[in-house]
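Chains A and B supply the protein sequences, listed in that same order. Here the first sequence is numbered in this note's numbering, starting from 9 and rising by one per residue. Here the second sequence is numbered in this note's numbering, starting from 9 and rising by one per residue.
If you're looking for bench data, these hints aren't it; they were derived computationally from the structure. Please read all numbers here as calculations on a predicted model, not as lab measurements. Backbone N, C-alpha and C fix where the C-beta goes; we use that ideal spot for every residue, glycine too. There's no promise every hint is true.
Claimed, not checked - Computed footprint of chain A on chain B, listed as stretches where at least three residues anywhere in the stretch have a Cβ under 8 Å from a Cβ of chain A:
no., region
1, 43 to 53
2, 122 to 136
3, 160 to 173
4, 209 to 215
To be verified - With a Cα cut of at most 30 Å, we get these calculated DSSO-like pairs of lysine-lysine:
no., chain 1, residue 1, chain 2, residue 2
5, A, LYS210, B, LYS198
6, A, LYS210, B, LYS131
7, A, LYS214, B, LYS172
8, A, LYS82, A, LYS198
Number of protein chains: 2
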Amino acid sequence: MKLSPRQEEIVCIVKENAPITSEALAEKIGVTRAALRADLAVLTMIGALDARPKVGYVYSGKTSNGLVYQQISKIKVSEIMSKPVTVSEDTMVYDAIVFLFLNDVGTLFIENNGIMTGAVSRKDFLKISIGGTDIHKVPVGVIMTRMPNIICASEDDNAYDLAKKIIEHEIDSIPVVEILKKSDGKDQMKIIGKVSKTNITKLFVKLGEIEN
Amino acid sequence: MKLSPRQEEIVCIVKENAPITSEALAEKIGVTRAALRADLAVLTMIGALDARPKVGYVYSGKTSNGLVYQQISKIKVSEIMSKPVTVSEDTMVYDAIVFLFLNDVGTLFIENNGIMTGAVSRKDFLKISIGGTDIHKVPVGVIMTRMPNIICASEDDNAYDLAKKIIEHEIDSIPVVEILKKSDGKDQMKIIGKVSKTNITKLFVKLGEIEN
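Just chain A, same shape as in the assembly (with noise of 0.2 Å):
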């Protein structure tokens, strides 16, 4: 978002002078505090000017995506998750690329009694199709990434941070899970949900949308 010159202006003053009174700041611009209402509101909506009652405005060093992430970060993953896809680690892995096939997903998760003990994505699937295995005999409890090696969300952590953790560790996908307490100490993860960066994009697409 653009500032204006008067928005700049303000900004640029606020940095120097922090923390100043709108009075001093109507003062050192030149005009009634009146007029610059609407700009230290939009300033402060934004976030690139903090209002402290009593002290004055100061400048929150944040940028004009203040807002945007404003937005961003009230949304939880269970307004975006999907279904996640399972099956058990038993299957084959040549039966489990048909049903990764038939339900279009790019990664798998692995299931054993409804806790969760792996994932394999389609690079996986891929590597071991073209390593002359025998895909038909192996199956993918043998080829999965194995728990606790799995980056895992909860229903309740925002939508921004997972978009941050998928781009920081390279993943495709996050499980969502509840994690299930044991007597032994030991957390198990049951999965609920997932979130590829198919989500992420909807998610951006619909954030952007206007309705008419």
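Since the structure of chain A is provided, determine the placement of chain B on it from the hints.
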């Protein structure tokens, strides 16, 4: 973004009474015009209201996502695209897959004398690899999706429209092309970049970043 109760009230009144001047609005709410200035500035800025000179405020019918859209729609494809990875049509499928892994991408684009002729995705490669075909003996030209059946974008398109295409057409990656006009009227495409769901997810993360 959440509107304040006062802002909600303003939107409601404008919806019912548009076009309405700020004087009339102030009177209806029972405050001074100056007291409304900040809220009106915010509401027009986020696109909820339109201010028409000498007419008054009208309801734009847009949601509060307007501001996010405004920010997003300025981003050009050229700002987020990455380098395309290309092979020639006669590359054997096996070699192309190895190349795919070495470059850590999800789609290879096929070039012939500098002209883009097709694309092959990880999904296409996986399909051919499990089918019992000798992938050492089949060139990618046989399995690729061929032009003009490929959705393309240009550098100057905006990133938001491209993200929409990715979702609408259910594709992973879109080539960014320059159109070379040919004398026989047939356009040819030179590939200069690509944008995948990864690029969109990265953009999403970048948008929400708050610099310190």
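Hints, one by one, checked against the model:
Given a C-beta distance limit of less than 8 Å, the hint that chain A covers the region 43 to 53 of chain B holds, as 7 residues qualify and 3 suffice. For the region 122 to 136 of chain B, the proposed coverage by chain A is satisfied: 5 residues have a C-beta within less than 8 Å of a C-beta in that chain, meeting the threshold of three. Under a criterion of three residues with beta carbons nearer than 8 Å to beta carbons of chain A, the stated coverage of the region 160 to 173 of chain B is upheld, 3 such residues being counted. Figure legend: the region 209 to 215 of chain B, annotated as covered by chain A; annotation consistent (6 residues with Cβ-Cβ distances under 8 Å, at least 3 required).
A C-alpha spacing of about 28 Å is found between LYS210 (chain A) and LYS198 (chain B), which places the hinted pair at or below 30 Å, so the restraint holds. As the CA atoms of LYS210 (chain A) and LYS131 (chain B) are separated by approximately 20 Å, the hinted pair is consistent with the 30 Å bound. At roughly 9 Å between alpha-carbon atoms, LYS214 (chain A) and LYS172 (chain B) fall within 30 Å of each other, so this suggested pair holds. Pair hint LYS82 (chain A) plus LYS198 (chain A) holds up; C-alpha atoms about 25 Å apart against a cutoff of 30 Å.
Comparing the model with each numbered hint stated earlier shows that all of them hold.
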